[in-house]
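Participant: In the order they appear, the protein sequences are chains E and S.
Following the numbering used here, the residues of the first sequence are numbered contiguously, the last one being 336.
Following the numbering used here, the residues of the second sequence are numbered contiguously, the last one being 673.
If you are wondering where the hints come from, they were derived from the structure by calculation, not from laboratory data.
On a predicted model such as this, the values are computed, not experimentally measured, just so you know.
There may be inaccurate statements among the hints.
Unchecked claim - As a list, the in silico DSSO-like pairs of lysine-lysine whose alpha-carbon atoms are at most 27 Å apart:
1) S:K660 to E:K321
2) S:K447 to S:K432
3) E:K220 to S:K464
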Amino acid sequence: MGLFHVSASPHTRDHVTTNQIMADVAIALIPASAFGVYYFGLNALVILCVSMLTCVLSEYIYNKLMKTPQTPYECSALVTGLLLGMNLPASVPIWIPILGGVFAIIVVKQLYGGLGHNFMNPALAARCFLLISFAGRMTNFTVTGVKESGVSSETVYKVLNGASSVDGISGATPLAVMKAGGEADLFDLFFGFTGGTIGETSALMILIGAIYLIARKVISLRIPLTYILTVAVFALCFGGRGLDANYLLGQVFGGGLMLGAFFMATDYVTSPITPMGQIVFGVLLGIFTGIFRIFGGSAEGVSYAIIFCNLLVPLIEKVTMPRAFGCKKRRKG
Amino acid sequence: MALTFKGGLHTYDGKDLSKDKPITVLLPKGDLVYPMSQHIGAPAKPLVAKGDPVLVRQKIAEAGGFISACIISSVSGTVKAIEPRMTVSGAMSPSIIVENDHEYRTVEGFGEKRDYKSLTKEQIREIVKEAGIVGMGGAGFPTHVKITPKDDAAIDYVIVNASECEPYLTSDYRIMLEYPEKLVEGLRIEKSLFPNAKGIIAIEDNKPEAIAKVSALVKDDSDIEVKVLKTKYPQGAERQLIYAATGRQINSSMLPADAGCIVDNVDTVVAIYHAVAETTPLHRRIITVTGDAVADPRNFWVRTGTNYAELVEAAGGFKETPEKIISGGPMMGLALFTLDIPVTKTSSALLAFTKDEAAEYEEGPCIRCGRCVSVCPGRIVPQKLMEAAQRFDDELFQKLNGMECCECGCCTYVCPAKRRLTQSFKQTRRSILDSRKKK
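Based on the provided sequences and hints, a complete structural model is requested.
Facilitator: Written as structure tokens, this is what we have:
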């Protein structure tokens, strides 16, 4: 009999792998993106596919050019692509997702060291880059694909009005309606029959995906819950409408908050690793989102709040290092 | 509600393979090997020379220092050699090799019943010391040192660690089912050393039969309590166990006695019973031989010094070629490249697996998922610790509480990127401890 394997303990491993986690995130995004395709039409499907393909290809080509081994984490690039696509309006020309995908993967992710080393969420950084560069196209929610037979043509009307009532960098439009003093139709907002980017409109579909992720223990509720609650509290205090349920729920279900809170703020790489840090992160996200939405020029603030707070992560971690078991003093990292 | 601590994890526990197999006595066939280092502390010093005859239960090596333990022969025969032999850690340790005459002649007077109540505390401690008893949970800390704290009156709890949280291990469980009265009596003896101490037997809730048996035996003892712990790894880690059983917290620089606790493993307490009440020193071990490569997983009563290969043979040999052999549990045990290793006082199990899970996966980049943070029983941040370890930044490593790591392996187990965190921590901790010693 030959020699047996020798290695340091532990000798057993959990079967969850990085790629599986990424695949779970992609699966959890299916309901929301499927709704986007149903609601915004075939154009949305094209955008999503182009975006995913660009991201996966960018990673492949980058690795090829840099002569680094092809990473077996293709699902990671896939998720970035899907999230980027979901953050674009369905009306954008085809080169927008291509440009965004290349920017997300090459500039934000690979140039900083690849998976696990980017300090900003690639999909969101790409979205913000596109928003700043091509404001008009990125906020054009007058989608030709909107089904005429859709539940509420009134909503579409509101959307159109809303979009034109604020300046260029406006986000999802029900928020703009509310910002202009109007009322959002909560039913439409919750189910997603409203203007916005491909993947952010249906709170219901996003929640279904989120429940899957929580059940699979991919994400915890620490960041999304504190984030959403803080936004609601902030809107209550500074929104100028007091305890107006319609307004507060509009703030929660409107715009990119649901998608951002459950799928982008929870991005492992760019959120704090300490449990206490995650709560601080959620609160900060809520505050910044509130500031951007209520006091900023734009009606939307989720994307900017998240990438800004991404930059604060090292600091948050530094002050939220847990107290070790049996040690009295909290030591700072 | 079962008691527990924060962190930890559940794994496939594999205990079904051997938990219903009664303990069977296994007699050694070949030579017996007694390494002089089978405990924490100074190696023992041989008292015999080549060619000397030895008897069962004869002390063949004496403690080599204050923290050390003597070694007892488990067979009768002749000393064949005193030479370095390989131990579980892979290191060569000076060992006494005894040729077994298979007659098992014992030292006179040993094995007789004795009423411990007539003994003084000093006598009990001396008996434990002379019996060569060490912590049999794995660490091998000399028990006579452990039961001699600065102040007997300051000990509030004597805790029997019966959690057996390592997957696959069933030896402690079998002891509790087959001779719980020895365990309980051993605890009574140990407790009698400490005037203010209460006894706690802490058992995980996946062993209801053991809980029932032991509870029935202590129902009339007002100061002994069975505490049911949640089944979770590493529930049996000393610090986590103390916390779950008493709510007290200690860190790496404290001893359990600092929190008024003495913690002993099941087999250790039984060894104390044997030594004190039956004048039988420690020369045997209950060991589980299991794993998917073993034909007939079993629990054995085996004499220390027996070769591991004989254990495998007694368990029906290998039904498939094993890829990995582990002495101890899969989470903290040591991998062996050969079976030519003797059973020592701290051998709790011999596992043989057809697949080496540790070699199955490639290491990938950390995605900061935080799973390591949520399972770490020491409430450290392994992800940050790993960065310090990889940069050989010992100062940062200590600042991040790296020395609080108990090397339980939870972080490595859960890591989806399959990073070998525990391995790096072990290495860094050793080098830091070594450099401290040099100073």
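Participant: Indicate, hint by hint, whether the structure satisfies it.
Facilitator: Hint-by-hint comparison with the structure:
no.: 1; hint: S:K660 to E:K321; result: 24 Å, holds
no.: 2; hint: S:K447 to S:K432; result: 19 Å, holds
no.: 3; hint: E:K220 to S:K464; result: 20 Å, holds
In summary, this structure violates none of the numbered hints.
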